[in-house]
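S.K.: Residue numbers (our numbering), protein chains in the order written: chain A, 449 to 603; chain B, 94 to 930.
No wet-lab data here; the hints were simulated from the structure. A couple of the hints might just be wrong.
Derived DEER-like restraints, expressed as beta-carbon distance ranges [said to hold, decoys possible]:
hint	chain 1	residue 1	chain 2	residue 2	range
1	B	Lys526	A	Gly494	47 to 53 Å
2	B	Glu667	A	Gly494	32 to 38 Å
3	B	Lys619	A	Lys560	17 to 23 Å
4	B	Gly153	A	Glu591	42 to 48 Å
5	B	Trp664	A	Glu502	39 to 45 Å
6	A	Glu591	B	Val309	53 to 59 Å
7	A	Lys560	B	Pro134	40 to 46 Å
8	B	Pro771	A	Glu591	54 to 60 Å
9	B	Asp570	A	Gly494	40 to 46 Å
10	B	Arg764	A	Gly500	46 to 52 Å
11	B	Pro134	A	Trp593	47 to 53 Å
12	A	Trp593	B	Gly153	51 to 57 Å
13	A	Gly500	B	Lys651	34 to 40 Å
Footprint (simulated), chain A over chain B, 3 or more residues, beta carbon under 8 Å [as the list claims (entries may be wrong)]:
hint	stretch
14	535-547
15	668-679
With a cut-off of at most 27 Å between alpha-carbon atoms, the simulated DSSO-like pairs for lysine-lysine come out as follows [said to hold, decoys possible]:
hint	chain 1	residue 1	chain 2	residue 2
16	A	Lys560	B	Lys668
17	B	Lys214	A	Lys509
18	B	Lys651	A	Lys509
Since the model is a prediction, treat every value here as computed from it, not as a measurement. Ideal placement from N, C-alpha and C gives every residue a C-beta, glycine not left out.
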Amino acid sequence: MRLVPAITLALLLTCGCERSAEPSLPSPLVIDVVGRDYLWTFTYPGADQILGTEDDLTVEKDLHLPSGHDVRLRLTSEDYIYTFRVSDLDLKEVAVPELQFDLVFRTENKGKYVLEVDPLCAVQFLHDDQMGWLVIEDHGDFERWLSDTRNQTHQ
Amino acid sequence: MRVFVQVGVLCAVVFCGCSSQKETPAKTDPQSAVKQFHTLPAFSLTDQTGQTFGSDDLTGKVAVVNFMFTRCPLTCPRQTTKLAELQNRFKQRPGWKNVRLVSISVEPENDTPKVLSDYAKRYSADPEHWKFLTGSRNAIWELSKKGFFLPVNQDAQQPGSVITHSPMFILVADDGKIVGHYDSTSDVAFGSLVKKLDGLVSEQDSAAESAATGAVTHRFWPKGVDKPTWVEKRKADQLATIDKFDVFCRFAFRDGIKSSGITFLNRVVDDAGRDHRPVHYDHGNGVAVADIDNDGLLDIYFVTLAGPNELWRNRGDGRFEKVATKTDMALADRICITASFADVDNDGDADLYVTSVRSPNVLFVNDGTGHFDDVTKSSGLGYNGHSSAATFFDYDRDGDLDVYLSVVGKYTTDKLVTVRGTVKEERPATPSKYYIGLDDAFGGHLREDRAESGRMYRNDGKNHFTDVTKDLGLLNDLWDGDATAIDADDDGWPDLYVLNMQGHDRLYLNKKGKGFVPFDGDSFQKTPWGTMGVKVFDFDNDGKMDLYLTDMHSDMTKNIGPSKEKMKATWVPEKWSENFLRSGGNSIFGNALFRKVASGKFKEVSGWYNAENYWPWGLSVGDLNADGYQDVFVTSSMNYPFRYGVNTVLLNNKGKQFMDAEYIVGVEPRREGRTSKPWYRLDCDSVADRDHPLCDGRSGEVIVHGSVGTRSSAIADFDEDGDLDIVTNEFGDHPMFLINDLTDQKKNLKYLKIRLVGKQSNRDGLGARVIVTADGQTFHQVHDGKSGYLSQSSLPLYFGLSLSKSVEAIDVHWPSGKRQHIDGPIESNRTLTVTEP
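Please take these sequences and the hints and turn them into a complete structure.
M.R.: Below, the structure is given as structure tokens:
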């Protein structure tokens, strides 16, 4: 079990040398998830595969993830208490200002899932009944989405 | 929905006895047909008075249209009954003048104006508002089929066979737009119609009001807050259970708040209204009861967040008068939470401790005549934080009352603002200020820096207290709103059960007054996750003191439908993560009833005994039907912006089970059938309000409605007629004063009220156990003053004695350790004072 990340890392390094333009996805794929004003924002690492650097990609509302891939969502909030919840995938974690909770998972279930609103984050009729979507797609589609979105954002 | 509508049509066909009619309507998909309806088609027909009535008469009016005929045996009577229900429901509303019900006959050759007029009268139809129309069959059938796209048929081969027609109600808005179709054979669809119509009538109400005042007023009801359609069914279902009660239940409470003269108003802060955020302010306030002037009558102190607290003196003639005190007991300069009456100086009168958020708590000492002095400064009890309930008990058994102050935790910011959403008629003389709540208040239990320990104060005598929290080992990080004394291990030393509103409760065992240690036995491994209320009493008359806890926060997980109210919220761990719950799998998501089975051993039996309910706060316990078994009143219902919940009366069915009885005994529905009220106002033309989300697209005044809901209660015989009445403290509303008519309904009512006077023990006798023996049965009560949620009161114990002729014996186990035995026969139906020897 402990060996796997090391091997992955080794592979990544190797691949990184040869294909510096499009490195394959790190595992787990770490994404920062922030609740703010009844919306989720999602930050993906850039080519350097490190979060918190200039080439990060931040999107609102819709979270795209590759199927069959380990994912770590690092949840926090800038205002209210939110619950990141997808009932169909049995995913739930709380987002609290100044605290970070991680949601670690992997799913094969491709599809589009509603990110539900929780009563903890104040009055529902004052904002949408959902805080965004989770899109689980195969690697190819995910990478295409990532690269298209990155290109659009950086244009 | 599509399936639903088709089923409805099928039912109509069957009901009308025309099963031979197999022909499907031209539009096979009623839903798609619906989409084609845009506006009211033009028509001109004749009404039941012989006058012309047509689409022109509906200009600017809201209308409900249906097709029917007077000879139709089944669906039509139902449709007409439902329309009559609408008429009765809405006719008092100002907007009713702009509403019309239109019933069009599909058998006009038989339904002449005279026939229709007679028919209309049978349903008490108001001819001004409810039009029954006739005309030529061709015109009407065309109108049904082509104007409204609704099928109407008759077997052409068999003239005289029954006509089939659509069972739909068509709702038309005042701009002529068709805004809905509702199957008259479905209660659910009818509920939706009522709701939708209510919204439209509200707009007409506003229009009528602004026509009167010249100003534009809008009204807004959050989803589910307008007329809840399930209430009638709930009532009917409960009334149908009356035969299942083995105990006397044919008595009723009536709300006598108006005749009582009590005008107190509980006022909320904008965090619970205009600027709603989920923060602990909405937990509300207590109400405490005591005879403040020793005239034998019980007086009431009401607490409010904003505006003044009020003390109301019982005049003895059914009316109360507001006490104008020299000392400021209104405390309108601060946000108050709870009140506790207790004789802290052992001088034979009720003193009063009032708690507050972000202002010092206040101790008032009574001089015996109902005059109070504020002795906070010298008392050591002026804690300034996020205080909640104060529980007086004599932990060290030295003969005076100590107090455990529950403290919630830091849920406010440092931003002090003025309450500004108050509706016109409820504004206090001086606007109140409060510290705005934290946006993330409900994550406070996850953060050490937000914890604020409860405080234990030892009474040193002379109205001075010392904080002994740390010395006694009671420092804690619980989000604690209330607590109770309980001798869980029967060692004679009162233990302390501290509630946690977000997590696990904690029972502290009292080590002979020297310290407290957390209980580590098996019994309380699981406790309710969001505990708000508590009461210790013997529900099954086995002589052991049981523990009833109410869980509020578990009901906040999701929108719980009326049919799920009696279920445990098992979905909580599916909705909220363990990182938030911090329950370690050790939570009950709902009320708990811990039945005591032995010293230090309790068994959770809430499911078996029916102790669950929806959105509870706290509870009061008393023998409401005087049958020797203690009944329960659970104050319930969250207010803005949530849906209404009923207050729960649980009649104790001889210790076998609690039975829901709030409708049976007249506690529900509430006065005037109210389930909501104006909650706050916005002036959308003002700088202060125009950015409010509900001012988006609106100008003028907006009145936003919220559900009504009770927080605290006390059960006591206020009118001294021998039965127990109930007073409540509502959140953001006037109280209820529920007067029991048991004395009139129950022949041979027997009871005994016992007032304790401690000598070596504390003067109130708090902590004493009283055992009454009658008819060979024993009835146990512990005197702890715990009268209800966030409150402590000074009340005599009330023992209902069923049909006993007299009391055979009274035993008192005083907190001093003394045992007192009084031999009978002891005359019943009076208040007996028992003084410690």
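S.K.: For each hint, tell me whether it holds in the structure or not.
M.R.: We went through each hint and held it up to the structure:
1. Distance hint check for Lys526 of chain B and Gly494 of chain A: the Cβ-Cβ separation is about 49 Å, which falls inside the suggested range of 47 to 53 Å.
2. At roughly 36 Å, the beta-carbon separation of Glu667 of chain B and Gly494 of chain A lies within the given 32 to 38 Å, and the hint holds.
3. About 38 Å separates the C-beta atoms of Lys619 of chain B and Lys560 of chain A, a value inconsistent with the hinted range of 17 to 23 Å.
4. Between Gly153 of chain B and Glu591 of chain A the beta carbon distance is about 59 Å. The supplied range of 42 to 48 Å is therefore violated.
5. A hinted range of 39 to 45 Å holds for the C-beta pair Trp664 of chain B and Glu502 of chain A, which are about 43 Å apart.
6. For the pair Glu591 of chain A and Val309 of chain B, the beta carbons lie near 55 Å from each other, so the given range of 53 to 59 Å is met.
7. A hinted range of 40 to 46 Å for the beta carbons of Lys560 of chain A and Pro134 of chain B is consistent with their spacing of about 41 Å.
8. For the pair Pro771 of chain B and Glu591 of chain A, the supplied restraint of 54 to 60 Å holds, since their beta-carbon distance comes to about 56 Å.
9. Hint check: Asp570 of chain B to Gly494 of chain A, Cβ distance near 41 Å, so the stated range 40 to 46 Å holds.
10. The beta-carbon spacing between Arg764 of chain B and Gly500 of chain A, approximately 60 Å, falls outside the hinted interval of 46 to 52 Å.
11. Between Pro134 of chain B and Trp593 of chain A the C-beta distance comes to about 50 Å, which sits within the given range of 47 to 53 Å.
12. In this structure, Trp593 of chain A and Gly153 of chain B meet the distance hint of 51 to 57 Å, their C-beta atoms being roughly 52 Å apart.
13. Between Gly500 of chain A and Lys651 of chain B the CB atoms are about 35 Å apart, so this pair conforms to the stated range of 34 to 40 Å.
14. Three residues within the 8 Å Cβ limit are the bar, and the stretch 535-547 of chain B against chain A gives 4, so the coverage statement holds.
15. Counting residues of the stretch 668-679 of chain B whose CB falls under 8 Å from any CB of chain A gives 5; the rule of at least 3 is met.
16. For the hint linking Lys560 of chain A to Lys668 of chain B, the alpha-carbon distance of about 19 Å falls within 27 Å, and the restraint holds.
17. Of the pairs offered as hints, the one joining Lys214 of chain B and Lys509 of chain A is violated, with about 58 Å between alpha carbons and a cut-off of 27 Å exceeded.
18. A hinted pair counts as satisfied when its Cα atoms are at most 27 Å apart, and Lys651 of chain B with Lys509 of chain A qualifies at roughly 22 Å.
Hints 3, 4, 10, 17 from the list above are not met by this structure, while the remaining hints are.
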